[in-house]
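Using the sequences and the hints given, assemble the complete structure.
Residue numbers (my numbering), protein chains in the order written: chain A, 18 to 377; chain B, 61 to 376; chain C, 2 to 287.
Honestly, the hints are just simulated from the structure, not real lab data. A portion of the hints provided could be inaccurate.
Claimed, not checked - Derived list of chain A stretches under chain C, where covered just means 3 residues or more per stretch with a C-beta under 8 Å from a C-beta of chain C: (1) 90-100; (2) 109-120.
As the list claims (entries may be wrong) - Simulated pairs of lysine-lysine, BS3-like, Cα-Cα distance not exceeding 27 Å: (3) Lys142(B) <-> Lys221(B); (4) Lys173(C) <-> Lys147(A); (5) Lys173(C) <-> Lys107(A); (6) Lys172(B) <-> Lys280(B); (7) Lys274(C) <-> Lys280(B).
Stated by the list, open to error - Here are the in silico distance ranges between beta carbons for each label pair: (8) Pro169(B) <-> Gln83(A): 37 to 47 Å; (9) Asp182(A) <-> Phe195(C): 29 to 39 Å; (10) Ser55(A) <-> Pro157(B): 45 to 55 Å; (11) Lys278(B) <-> Ser40(A): 57 to 67 Å; (12) Asp182(A) <-> Tyr191(C): 33 to 43 Å; (13) Lys66(C) <-> Glu259(B): 47 to 57 Å; (14) Phe34(C) <-> Lys278(B): 30 to 40 Å; (15) Ala23(C) <-> Pro169(B): 17 to 27 Å; (16) Lys118(A) <-> Ala146(C): 29 to 39 Å; (17) Ala361(B) <-> Ala55(C): 41 to 51 Å.
Heads up, the beta-carbon is just placed ideally off N, CA and C, and yes, glycines get one too.
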Amino acid sequence: MATLEIINVSKSFGRTEVIRDVSLQVEDGELIVFVGPSGCGKSTMLRMIAGLEQVSAGEIWIGGKQVDHLPPAKRGIAMVFQSYALYPHKNVRGNLGFALKHAGVRREEVEQRVNEAAEILELGDLMDRKPRELSGGQRQRVAIGRAIVREPQIFLFDEPLSNLDAALRVHMRVEILKLHQRLDNNTMIYVTHDQVEAMTLADRIAVFRNGRVEQSGTPMELYRKPANDFVAGFIGSPSMNFLNAEWDAQTEKLSAAGQLLDGSVLQQAGIVLPGESATGLKLGIRPEHLSLSPQGEFSGRVQVFENLGGESFVHINPVDDEVLVAKLEGEHNFRPGDNCCLQANPAFLHLFGADGQRLS
Amino acid sequence: MRTVKKQPQPRRWHILVFILPAFLIYTVFAIYPIVESLRLSLYQSIPSAQGTGTTAEFAGLANYMRLWGEPYWAEQFWNALKNNFLLFAMHMLIQNPIALALAALVSIPTLKGAATYRTIFFLPTLLSVVIVGFIWQLILSPLWGITPDFMKWLGIREWFKPWLGLESTALVTVTLISIWQYVGIPLMLFYAGLLNIPEETIEAARIDGLNGWWIFWKVKLPLILPALGVVAILTYIGNFTASFDIIYTLQGGLAGPDYSTDVMGTFLFRTFFGFQSQLGDTYMGATVASVLFFIILVGVAIYLFGVQRRLQRYDF
Amino acid sequence: MASLTRKLERGRAGLSSLGIHAILIAYSVLALFPLYLILLNSFKSRRGIFGDPAGLPNESTFSTKGYQSVITNSDFPLYFGNSLVVTGVALFFILLFGAMAAHALSEYDFPGSTFIGLYLILGIMVPIRLGTVALLKLIVDLNLANTLTALILVYTAQGLPVAIFIFSEFLKNVSHEIKDSARIDGLSEYRIFFEVVIPLVRPVIATVAVFSMIPIWNDLWFPLILSPGESTRTVTLGVQKFVGQYTVDWGAVLAALSVAVVPVLFMYIIFSKQLIRGITAGAVKG
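Rendered as structure tokens:
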């Protein structure tokens, strides 16, 4: 249980800068998720917190103690890896107790802590098996157990569910969430490229891109008020629709996909419109904020229709070269080429400037 | 609060500790001698001024001139080189196809006893050439070998010849014995290559309508071409150096009869240590070794830049 | 149904299963017969050997004199011991130093790592025998001529490139995360090598061991040149000299030959299965 402070941390490998001046506060007991596309620096950041990589500049503090010079074992962290990283030659019990034994903890205490972790993760029957005799999900539980046994100040998870199949992934996600609650809200840092994992697990999300934190906040903050078009596109599934837009300050109208929208409508959504005319803007509409309506402003031919039963996704071309995807509740049936008219909920419109930043 | 300071890289002595033992032993006892031999090939032994012993004197390429210019050396050199290339050609044309065929058969997934066959085929490779040499003398000897009797039993006794003793057949016989011994190595490499091909690829070919024979030619063979390349270069290198052992054992240092089985290895040995009437010469020995070094270098260069680059490697 | 499919498969393979076995058995006979001959004749008296080399030993020809004279009347046990020492110690160094270097090369990024990696495996392509002339000088200068130490050092140098190559290829495919995990558990870099990496490379240790052992045990060249002395002869060189020396005692020669095969055979049979796995994992992908 501890706070984590990252202060102006940078990291470069040779000439390539992978982390650029990142600062971040993690509160005691928070589960923060680092999310971003591959190569965004999120894993490097985690490895620097763990001490597996040296920071090139900046400081890292854990629980009020500067740790960036310390070796990993002295930082009070435990880490769960994507490939589980279990020692193949030791059985489950040996894997769980290894770090403690190495640290010179008394035998009885090792045993007690190993048994506790085994109980939490329901590993009791597997204690004498070797990693190769376990399934993926079981291996992941052992990997998590190995972290619990160390009673760390901070848990680090590096894409722990990426090697599991879809069903197991959902299951383990819930397990991790339960674990977080069960361990009295231990501080956890969780790295993933999957925004669904981020949304469901996180107290707070930090979205990484090109070695910078684009935005950090609660899942709903990021969903409602994405700071820029990148975050807007990354959070939410299916992704937000973006339409090229132009703002005419004279007529106070925004033109997008051949339609003119009133400035007053946009202001209701909290958008601050530029004082002068502007081009290269992007109007963002989430698929779930589009609905079928004969009076809808966006109409076009159906390109693709994906039916999931209770809900469905319809892809239309309001104009050439632009696509709108709408998420429809209930049962529908469209065929390619059908006409479809969609209405956007004006309260949930997003507008981004030519630089990608949110206008609000 | 903005404190941007450079972190010093910790000293990583352990990397040095891990690499140094291998690096030192390898450099001192493998690389240095080879480089030093190249240098020695540029020296000649001159009787020293005091009249006792000899000293080395820089002689440029004089040793190489002697090797290729003086008939005594040139004759031996070209003969050994010719034999070496014959040896190489025969290994490529006989040993490696046999190895490939056996590997293809042993790697059939439904074959029973594959492990036993594999073990048996590799057994001769485990043996010392001394043993191999002796076994085959026991078999082929015209005096007490078993072949003459065996052929008599077959009724073809008059076809028997003392193959190891005849100039015309000695080299071929030695080569066949060498193939008998070493077929296991390419066999293992091919076998491992064939095992590495995923079952799905073969099943896909089967669905595409190929039968066993065509699957081998059109799917498996192209996929193990890299192993074929490795086998070719290993055969090339081994043929210039390792072939010494079997020839020295079977035919002696003079590589008889009448040098008909002489190869670069035996030639180097005789040059360096001398044999019977011939005196050993360190510097000529170094020269022969150096020429051999360049011959191998050319082969390796052809492999690395000509062959290997064109061979697509497939990772499954 | 399953057996029917299998039959179809075999049919399509172009050769019937019977034909395949016929070919394989024929080659097996070719591979085994000479070995059988040696073993057979090592239990026969001299008359038995030359009178009927292919015949089984019978009452009048059976004799273990060969083995007796090998063990009692010769230096053979000494040679055997020399070979065991040379091969064993060299093998230990090859495996230890090879694994250490391969681990450093695959785990750490440091300036010149690619160059050093290439340098260390150069020896696969350039046989160490080419340096014999200078090597002999070096060994004499170091006062190591006619010692087992000389052979151990040379064989270690000779074996390292292949060992480093196979270990590196294997370690390339091993997750780095497990070593990171050990770092978080507080292990030093040395303990990571001994407690994590060594158990990890265990499957290829057998491959490297067999590949390194065979050429050392069977080598004739370096014992002949570096330590031909009576007391430092290896089994291979010793047997080679036997063949000349004991022309009258063929039984002893054959017995010596048979015994000399034992250690390699033993290693191979133990590790045969792992050997294939190791080749598959490392050598071929190269």
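Here is how each hint holds up against the structure:
For the stretch 90-100 of chain A, the stated coverage by chain C is satisfied: 8 residues place a CB nearer than 8 Å to a CB of that chain, which reaches the threshold of 3. Only residues whose C-beta sits within less than 8 Å of a C-beta in chain C count toward coverage, and the stretch 109-120 of chain A has 4 of them, enough to reach three; the restraint holds. Taken as a hint, the Lys142(B) and Lys221(B) pair is honoured in the structure, with Cα atoms around 24 Å apart against an allowance of 27 Å. A distance of roughly 23 Å separates the Cα atoms of Lys173(C) and Lys147(A); the hinted pair therefore holds under the 27 Å criterion.
The straight-line distance between the Cα atoms of Lys173(C) and Lys107(A) is roughly 22 Å, inside the 27 Å bound, and the hint therefore holds. A C-alpha spacing of about 21 Å is found between Lys172(B) and Lys280(B), which places the hinted pair at or below 27 Å, so the restraint holds. With a C-alpha separation of about 23 Å, the suggested pair Lys274(C) and Lys280(B) falls inside the 27 Å cut-off, and the hint holds. Between Pro169(B) and Gln83(A) the C-beta distance comes to about 60 Å, which lies outside the given range of 37 to 47 Å.
Remark: the range hint 29 to 39 Å for Asp182(A) to Phe195(C) is upheld by a beta-carbon distance near 36 Å. Taking 45 to 55 Å as the suggested C-beta distance range, the pair Ser55(A) and Pro157(B) conforms, at roughly 47 Å. Checked against the hint of 57 to 67 Å, the pair Lys278(B) and Ser40(A) passes, with Cβ atoms roughly 60 Å apart. Taking the beta carbon of each, Asp182(A) and Tyr191(C) are about 38 Å apart, inside 33 to 43 Å as hinted.
Distance hint check for Lys66(C) and Glu259(B): the Cβ-Cβ separation is about 55 Å, which falls inside the suggested range of 47 to 57 Å. Take Phe34(C) and Lys278(B): their Cβ atoms lie about 36 Å apart, and the range 30 to 40 Å holds. The given range of 17 to 27 Å is respected by Ala23(C) and Pro169(B), whose C-beta atoms sit roughly 19 Å from each other. Range check, Lys118(A) to Ala146(C): Cβ separation about 50 Å, and the 29 to 39 Å hint is violated.
With their beta carbons about 49 Å apart, Ala361(B) and Ala55(C) fall inside the hinted range of 41 to 51 Å.
In summary, the numbered hints that this structure violates are 8, 16.
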